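Protein sequence lines correspond, in order, to chains Y and U. Heads up: the first sequence begins at 779 in the working numbering, then just goes up one per residue. Heads up: the second sequence begins at 779 in the working numbering, then just goes up one per residue.
If you're looking for bench data, these hints aren't it; they were derived computationally from the structure. Keep in mind that a hint or two might mislead.
One copy or two, it doesn't matter: identical chains are merged, so the pair holds either way.
To be verified - Derived DSS-like pairs: lysine-lysine, alpha-carbon spacing no greater than 30 Å straight-line:
id, residue 1, residue 2
1, Lys864, Lys1043
2, Lys830, Lys1008
3, Lys1008, Lys906
4, Lys1043, Lys830
5, Lys845, Lys830
6, Lys1043, Lys1001
7, Lys1000, Lys956
Note that the structure is predicted; figures quoted are calculated from it, not measured.
Number of protein chains: 2
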Amino acid sequence: MDNRPIGVFDSGLGGLTAVQKLMETLPNEDIIYLGDTGRVPYGGRSRETIIKYARQDIAFLTSFDIKAIVIACGTVSTTALGEIEKDYDIPIVGVVRPAVERAVQVTKNKRIGLIGTVASINSGAYDKLILQRLPEAEIFSAACPLLVPLVENGRISRGDIMIETAVSEYLAPIKARKVDTLILGCTHYPLIGDVIGDYMGEGVTLVSPGAETAAYVEQLLKKNDISAEKGRRAAHRYFVTDSIEGFSNAASLFLNQDVRGEVSKVDLNSF
Amino acid sequence: MDNRPIGVFDSGLGGLTAVQKLMETLPNEDIIYLGDTGRVPYGGRSRETIIKYARQDIAFLTSFDIKAIVIACGTVSTTALGEIEKDYDIPIVGVVRPAVERAVQVTKNKRIGLIGTVASINSGAYDKLILQRLPEAEIFSAACPLLVPLVENGRISRGDIMIETAVSEYLAPIKARKVDTLILGCTHYPLIGDVIGDYMGEGVTLVSPGAETAAYVEQLLKKNDISAEKGRRAAHRYFVTDSIEGFSNAASLFLNQDVRGEVSKVDLNSF
Chain Y
779 MDNRPIGVFD SGLGGLTAVQ KLMETLPNED IIYLGDTGRV PYGGRSRETI IKYARQDIAF
839 LTSFDIKAIV IACGTVSTTA LGEIEKDYDI PIVGVVRPAV ERAVQVTKNK RIGLIGTVAS
899 INSGAYDKLI LQRLPEAEIF SAACPLLVPL VENGRISRGD IMIETAVSEY LAPIKARKVD
959 TLILGCTHYP LIGDVIGDYM GEGVTLVSPG AETAAYVEQL LKKNDISAEK GRRAAHRYFV
1019 TDSIEGFSNA ASLFLNQDVR GEVSKVDLNS F
Chain U
779 MDNRPIGVFD SGLGGLTAVQ KLMETLPNED IIYLGDTGRV PYGGRSRETI IKYARQDIAF
839 LTSFDIKAIV IACGTVSTTA LGEIEKDYDI PIVGVVRPAV ERAVQVTKNK RIGLIGTVAS
899 INSGAYDKLI LQRLPEAEIF SAACPLLVPL VENGRISRGD IMIETAVSEY LAPIKARKVD
959 TLILGCTHYP LIGDVIGDYM GEGVTLVSPG AETAAYVEQL LKKNDISAEK GRRAAHRYFV
1019 TDSIEGFSNA ASLFLNQDVR GEVSKVDLNS F
């Protein structure tokens, strides 16, 4: 038993979709969340810069006595995790492995689609792991740079011409290859799951890394015997690098709950 | 006569539209450009964070022996300039005043439209200065948070359904108020000047702060007798906070010329 918190970070707000799943799956676990809202988004930045920012994010989280780190960010998970995980002595979980495990389980025709940020797609991290687990898989991927700003501006509804246009343009080449599984490789994308699902059609299973990661973390805690005490009331703290007010307002979109009063601002320059 | 360079900065790439105008207007002036591509965009961030980043940008530029600073960024000009300009002893020019001077000259019906980032519109900086210069003006403004990501993703052409939809949604309330002048309060917007012009119609004059700022800087240099020697060959250097390669590729969109080989990377954490 281990009541120390789990550290979770994301480039900004998208990771809260994973936090919501973590809270549902692990209601007794304390969570410390860092959203680097002062430098969001990471998805279009270079690998070098993403690794630098990720190291600062982790340095901040490990300034607390935490038992594990969850990278609730597709971009960092794909681009930086492989490079940096060896440098820390607590478990670090990204969203790639849990999503890949799920995708290779559910695909029947072994044709898997993948969407994400430019950095995530360029990293090749999903492709590499899928092919390790299922060497005969065929992977069809697309970088979707406009989906994050569209989601963050609330263009998430069925019938919205901008999100419908973006989704259909980005996904047309993937749909044409008749995939039966699509990995939503960015924590923003579950918010437009219905628009994506409508476009892809009923025969395609959508895999949300946030949800899969929550289940994966539950197993990890059990396996390492570091789960928190059952029935305890968990505490959740949020740290951001831009204004608290902006975060609190936007967080409700991603988390479906009010986080006011639990949010602090932090300067990562010293980490 | 003063051959020292002019320092120019922007949150990222948009400021290059102003740099292009500066180069045309002032072909003998050396320019040092800083694009904070590792933290772009600024337009959705809090005032406090924008001021902090602007001070770092200026600290970097003033580490060179420069004679003036041009803030080629609508967001910094509106949100931070008033707060910080008193702290430096060389002239600092933003894009607001030059654009306002032009707008109050060209408007006949004294109904002026204004578009910009969330931070720019919230600052009220344009409104305040317009009303100082033309107290009977009526100002109709709209924050357009999706225009920057759309432009940066190349959605700039007439007929592109995403940019056409965004432009018409953002501008409909302004057009309905029958403005005869529209200030494009963000350095990205001149790249979609034709889409905006089509939507607003022939009777509306578009004011591009970058172009007005170049003319304003020319006057400032003359007035202070700090213009560079005529006929000299000017040098242009570019600094960025994310990868050089990403900048060089994207810069051609904004600058219409190849900047490869003149770009360096800088870390602003120490400024």
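To test your reading of the hints: which numbers does this structure violate? Numbers 2, 3, 6 and 7 - these are the hints that the structure violates, sorted from lowest upward.
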